[in-house]
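Engineer: Sequences are here, hints too, so could you generate the full structure?
Residues per chain are reported as follows:
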Amino acid sequence: MLLNVENLRVSYGNIKALHGISFTIDAGEIVTIIGANGAGKSTTLRAISRMVPVETGTTMTCMGKDLLQFPADKVVSQLGVTHVPEGRRLFGNLSVMENLQLATFARKDRDNVKKDIRRVFEIFPRLEERKAQASGTMSGGEQQMLAIGRAFMSGRRLMLLDEPSMGLSPLLMMNVFQALKEINKQEGTAILLVEQNARLALKFSQKGYVLETGNLVLEGDSQTLINDPEVKKAYLGG
Amino acid sequence: MTFNFLMQNLINALQWGSFYALIALGYSMVYSILMLFNFAHGDIFMVGAYIGLGVSLGLLSLFGSGAAAILPGWLLLVLTILISMFLTAFVGIIVERVGYRPLREAPRASAAITGLMIGIILETGNILFLGGQRLKFPQLIESVTYNVGGVYVTNKKIMIVLVSIGLMLALHQLITRTKWGMAMRAMAYDYVVVPLVGVPMNTIAAMTFAIGSALAAAAGILFGLAYPVLDPYMGVSFGWKAFVAAILGGRGSIMGACIAGFMLGFIEIMTVPAIMIINRLFSLNIGSNLRDLIAYSIVLVILIFRPHGLFGQAYSAKLRL
Amino acid sequence: MPLLHVTDMSHNFGGLQAVSEYNLSLDPGQITGLIGPNGAGKTTIFNLITGIYRPTRGSVRFDGEELVGKKPNETAAMGLARTFQEMKLWRHMTVLDHIKMARYSKLSYGLLGAFLDTPRRRREEREATDLAMEVLKMFAVDQFADQLVVNLPYGAQRRVEMARAMVIQPKVLLLDEPTVGMTPDEMMAMIEVVRQAHERFNLAIFLIEHRLKVVHELCQHVQALVFGQVLVEGTPNEVQNHPKVIEAYIGEQEVEF
Amino acid sequence: MEETLAPQQNGLKYRLGLFFKPVPLLAYLIGFLACALWELLVGDGLTSILGLPKMPVLFGLLTIFKVLAGVVNLAIKGEAFNWATLVHIPTALIYLFVIYLIPLAVVARATAKPANVLARFLHGFPLIVTALVQLGLMYAVLHIWAGVSDYRLITLKLTLIAVLFTLSLNIINGYMGEFSCSHPGFMAVGAYMSSLFTVGLFTSDKVLGEAVFTFSAAYLSFPLALVFGGAMASLAALIVAIPSFKTRGDYLAIISLAFLFIVKSFFENVQALGGSRGIAGQPDWATLPVIFITVAFGVWTINNFVTSTMGKALNAVRDDETAAEAMTVNTRKTKMSAFLFGAFWAGVAGGLLAHVLRYINPAMFSVQKLAEVLAMVYFGGLNSVYGSIVGAVSISLLGEALRPLEILKWIVIPLLLILVMIYRPTGLIAFKEFDVRQVFGPKEVD
Amino acid sequence: ADTIKIGFNIPLTGDNPDVGASSKNAAQMYLKKNPNVTVGGKSYALKFIYDDNEYKAESAVKVSTKLITEEGVLGIIGPQSSSQAVPAGEVANNFATPMISPWSTNPNTTLDRPYVFRGCFLDPFQGPVAANFATDELGAKKAAVLYDIAADYPKGLAEFFKEAFEKIHGPGSVVAFESFTTGDKDFSAQMTNIMMSGADVLFTPQYYSEVPLIVRAAKEMGWNKPILGSDSWGSGDLMGLCGDDCKGYYFSTHYAAAGAKGETKAFIDEYSATYGKTPDDVAALTWDSLGLMIQAIKDTGGLSGDIKADRTKVKDALAAIKNFPGITGGMTFTPDGDPKKCAVVVQINQDGQFAFHKSVCPK
Ligand SMILES: Nc1ncnc2c1ncn2[C@@H]1O[C@H](COP(=O)(O)OP(=O)(O)OP(=O)(O)O)[C@@H](O)[C@H]1O
Ligand SMILES: Nc1ncnc2c1ncn2[C@@H]1O[C@H](COP(=O)(O)OP(=O)(O)OP(=O)(O)O)[C@@H](O)[C@H]1O
Ligand SMILES: CC(C)C[C@H](N)C(=O)O
Ligand SMILES: [Mg+2]
Ligand SMILES: [Mg+2]
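Residue numbers (our numbering), protein chains in the order written: chain S, 53 to 290; chain Z, -18 to 302; chain R, 385 to 641; chain V, 44 to 489; chain P, 222 to 584.
A couple of the hints might just be wrong.
[Stated by the list, open to error] Cross-link-like lysine to aspartate or glutamate pairs, in silico, EDC-like; alpha carbons within 20 angstroms at most:
| # | chain 1 | residue 1 | chain 2 | residue 2 |
| --- | --- | --- | --- | --- |
| 1 | P | Lys406 | P | Asp466 |
| 2 | Z | Lys117 | P | Asp407 |
| 3 | Z | Lys160 | S | Glu81 |
| 4 | S | Lys285 | R | Glu511 |
| 5 | P | Lys268 | V | Glu122 |
[What the hints assert, rightly or not] Covered stretches of chain V (in silico footprint by chain P; criterion: 3 or more residues with CB under 8 angstroms from a CB of chain P, positions within the stretch not fixed):
| # | region |
| --- | --- |
| 6 | 195 to 204 |
| 7 | 446 to 454 |
To be clear, the hints were calculated from the coordinates, so they are not data collected in a lab. Note that the structure is predicted; figures quoted are calculated from it, not measured. Virtual Cβ for every residue (Gly too), placed ideally from N, Cα, C.
Structural biologist: Structure (structure tokens):
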């Protein structure tokens, strides 16, 4: 088991966002969380990447280590858990290349870095064309590619993806998901995917969870969930 | 008169500009990386100068001065600069820890206020501990004046200009070429996600303050050599003017800040001879006292025509509220 | 004569030709869609029409009047309202204030009225509040009137943005990806809202979307934009099945949105 | 979807809050009036009974800090300290309670009902009626309170001016979200121009020459002088306002800072205005009622402005300028009006200041003044009329009350501000709308 | 016992905290020596209240008001610098409270203010003293002036000097009249102008803290002619800051510490013993002003206890004082409240002491 989350509780001030959810991710597995707007999906990812503090009672372990002992940057550099946040959040003033290089800040294996960059360019040839462009001026889809590439560079035991399809054209969306699948297959990277587009997400993943107002209400393998009438009604548009 | 006169003023302007440049550099470090007005920077410069004073006095008493000196003056100077830069870096780190880190999420202007307040505390602390009287900075190296065809240049002036240009180039390399520099720029753009790519944000922020403060210390010591009277408020006007230079140079541009620093020094010094020349040419009687008025009108006009500074790119960010 | 008429509009950023030779004619009450890959220049076209950028070449006519050279607040006051892809709301303002703000150009009490709280100001402010509440009701966000927008659920924020645009009483509404980030449910609700607004005010709407379902439901006419140029235009079905569009935009696989 | 944590139902604070909930402003004013009269009546007597050296003028704070300063001096410098004065701390507190807190609480609570009735009655009339009644009452309170000591009077005058000045800066830095550094410059223009008006026209003076007019009712022209000062400040503000169309944020901050340097240098150099020596001998026209009325009027118009849709456009421009433009907001007009309006009131505040101090020189309008007013704005709270009032009053009072600490004052005040910034980054009372009707109105309790 | 309170309106923080410190030192020394004063046969304990004016005009006004109305002082010593003394004098005069500014040399401080006095000579006197000295003893025909335009005192004195010098040598004989702004550290541009002007002497009425920088800038530009200063040079710290650079230059001042005799010497010795440094002008003048104030209080022949009446009595007594034997010279007030005092010109000798050179008395 790669990641084990138990009784995850998070609040923002007076607002309770997560009421104690538990789930697991195995190595190399693709897991999806679906849910309505404001259900707490992003919050879950933020809690794992230690961007928001969790409340007492929460336990999270990654490869047997207590995740809560790691600050946000060490979660990435030492545990290999990377987070592609909602809205991409690239460093717009840095060039494409610099964005990729920065992601290797804490890495010691210089030789592999070069190889990995080449790998990213193979997956997303568009990025190589735009190597020197300031990332802030790229279009939404290009930015999404770079965000994934950046995550790829910083560690790839587990990728936390927050709505990667948002705002992407249909073709590009397929490309992105294909690339993700490829990374998953070739590198054995586990993926925790959060998506509004539930059908796509469930098709893409092996296991799914349904989050409703801070509680996990349903879980199962994705195929089952797709056919679940409740899920169908609520999340797949009838 | 004219050529010598202009050359002389040019050299003066270079030295004066070096201080603005060095201080603006440190200011701009913090400013362009954390996007914070570090209004305490001028006072850190002051603290750096006083630390330099303490260190150099300590060294002098250890190694003797004048005829009894064991080590040559220039070596003491280098030691003083290095030790003081190191010590002042810690002051910077403390300032970051106490005054800025807790405010990282806050509006930038609030951090500006904390900076102002830390500055006041540093000034007052100085008065409390040292009693507020002016102190003399020891002249570690013998001052030598060269007369180059009627233009007077001192060895210190040359040294000051060279050291500041050297530091500026080194810093430019650091920011544009290294991973640290990249991380700093990334932080300027969006500090929230910096940890998400595995970069230790607090370390970067502390480093930034440390480097900025170390530069201020270097500036403080060079300043002490050139203008050997130290007082607790010596950093105030420098602080504000470095603020002007850092932004005039263009947001996020270290080089720009430096050049703007030189330029500001240049404008301030050169308005005096310029007024004089205009007076002669048109037999007017404008006083050199109009210097600030003219100098800052020039700054204002530059900004009206280059609304994003000399080297800055257009941006629409506003105060984080 | 079309209500909004764009002819041969081009624009470039530095060396990048973002939009070239773009044409559009939008009649009153018509809904036209604009699709295209990311970075094709769709949002840029909106920005050019509304005056945020000034086109390098070409003309934009609205109701017979030239828009090029006009500032965004002027084009908006003429009846050209828009929403933003990334939803530009004012963080520190309440929902009600958002809506009232869009009445800015209709206020006539002037600065002196603002300073001195004249009866005229009070009357106009009251009228604006009444109208705002009505519109908020229409978009089902009236219960949030006194809250800051940041505290609203995402879908409600989208609707507030739309309501804000509607208060301008526009003749043309420009919508930039109104359903982005929505669940299928919310998407359907949004389609309904747009349709109602359209029917009630006989609005002309110009819509950017990546979700073809939305385009299908709403548009009579669609343009497909690639690299700043219109590749194909026609009915949604024509465009969607056009091989070039499939190649550049939709892809071969069957995907649902 | 969201659960809010229930507030504590049994804390002392909560119960006190409940107790005072039905008390309208009117009742507090009556309470304060009672306090002021009570002090007039028994203040001196109580002072001597308690053995205080002097009637406490700033609610006993000054007395207490004087004692504390003695202790501090003993501790750090070994200066002699009269231990007997320690008793002044409890006695000053007793004074505070007996003269202010207890009567205020009792009277305010006791008159809450009739005051509510009265407030509701007044509420039936146009706003101006209740406003005038309550402001009149407020003035009476201040008048009586300040009548006790001239030190109180000058502190009060300067505090009122600080309120106006702070609020006028809040328009730009808080409501519009720019970081403007030019405000002391606007104040300087106002101070100089109104002095030019009064000293130049009505007073014989070494700098500005013989009086042009002399008549006994000359003071009636004072409002004109203030308006003139404010208008000139507005005019000067154009220099900062026009670049604000093109540039924002930090660049605007240094444009405004350059403006401040220019203004200061200008007044230093214009010999006709006294140069660095300044102008002295302003007539003594800035009396408490004049200041009170001006400040009240200023606060009223500023509050009107920022609560109107016209004024809220400032917020829209601050939070997202592109969206504001797309929503028909004329951003140029908005920025321009904010700068000119803010500068106008800063200029008026400058005019008042010049006539309270009856002396001005360019050094008064330096970056130090800037730091001071920035501190007041950010301490009190951005985007809030309440905030500016609280910020200006508390920092002004604190500045006076901590005087006995001498130099340590400049450690204590900055520390306090840092703490406030850390725990309340937008200031004490930020983003709160000041609803005049509600403030003056009755407190309805369900 | 009854007390008499004297207030001090001095800068303990702000740009010149050492001025406040010197004043406070002198006052504390005085108090230690004279804790009580007998007026009309009755003994009173003296109490001094030091309030910080932050070297700001606004604050000086507040402090004066506070001292008078709050602390109930009988008289005020200070402020020291004219930029604070001018506005504070207005307050003292309005509240009919005697005030002595020890060090303010600007004419406006006392003008038309019967309650305001000073302990030093005025700039219109000092300016000609310096001009004459430059002419007679330094043989100057052309003079340069370098001064701070933003500070009241240097600017005033620079103008008085210019007027006096040009009266002797004709218009245009002040060949360079260069200025800078408070806080400036670099004077090279101005010095370059001065070098080019061909002046025989440089007059710079600046504070002791700026003098070393000016002198240094001058030397670095190759200036080897005399430099002449004013009373603001006369701080014990000048030599500590200036070192050898300042030796040999002259300045006009209130008293010369080196070689002083009698009372003055006693004061200097005691001060040096207590605080470890030579008293500067401010200290000496504060001491004298305090002496004047106490003398006047004694001269009233008895206090009534009604503070308002007593203040007026003190003022009248002050105005009537004749030949007060101050350590900085004898003092008698003119109707304006200014003492007729001699100025001293001192030279900074090779030991770094301020050696008496000559004394110039008003006619
Ligand atoms: N920074 C914040 N401060 C306060 N409340 C927040 C914050 N971020 C999220 N919330 C609240 O927490 C809850 C969960 O939010 P979260 O962003 O995790 O939802 P989500 O499922 O990702 O929704 P979406 O589909 O809109 O991204 C919501 O009620 C939201 O309003
Ligand atoms: N201000 C700008 N400066 C430089 N380039 C820009 C600017 N704005 C947009 N671009 C570029 O112009 C192209 C078109 O951008 P635009 O935002 O119009 O795309 P879009 O069609 O809306 O894409 P998406 O569907 O991703 O929103 C992109 O390549 C983008 O990088
Ligand atoms: C600097 C001192 C000599 C004070 C000066 N005399 C003044 O009037 O301000
Ligand atoms: Mg989310
Ligand atoms: Mg777009």
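Engineer: Work down the list of hints and note, for each, if the structure agrees.
Structural biologist: Against the structure, the hints:
no., hint, verdict
1, P:Lys406 <-> P:Asp466, "17 angstroms, holds"
2, Z:Lys117 <-> P:Asp407, "16 angstroms, holds"
3, Z:Lys160 <-> S:Glu81, "32 angstroms, violated"
4, S:Lys285 <-> R:Glu511, "42 angstroms, violated"
5, P:Lys268 <-> V:Glu122, "14 angstroms, holds"
6, 195 to 204, "holds (count 3)"
7, 446 to 454, "holds (count 5)"
Hints 3, 4 from the earlier list are contradicted by this structure; the remaining hints agree with it.
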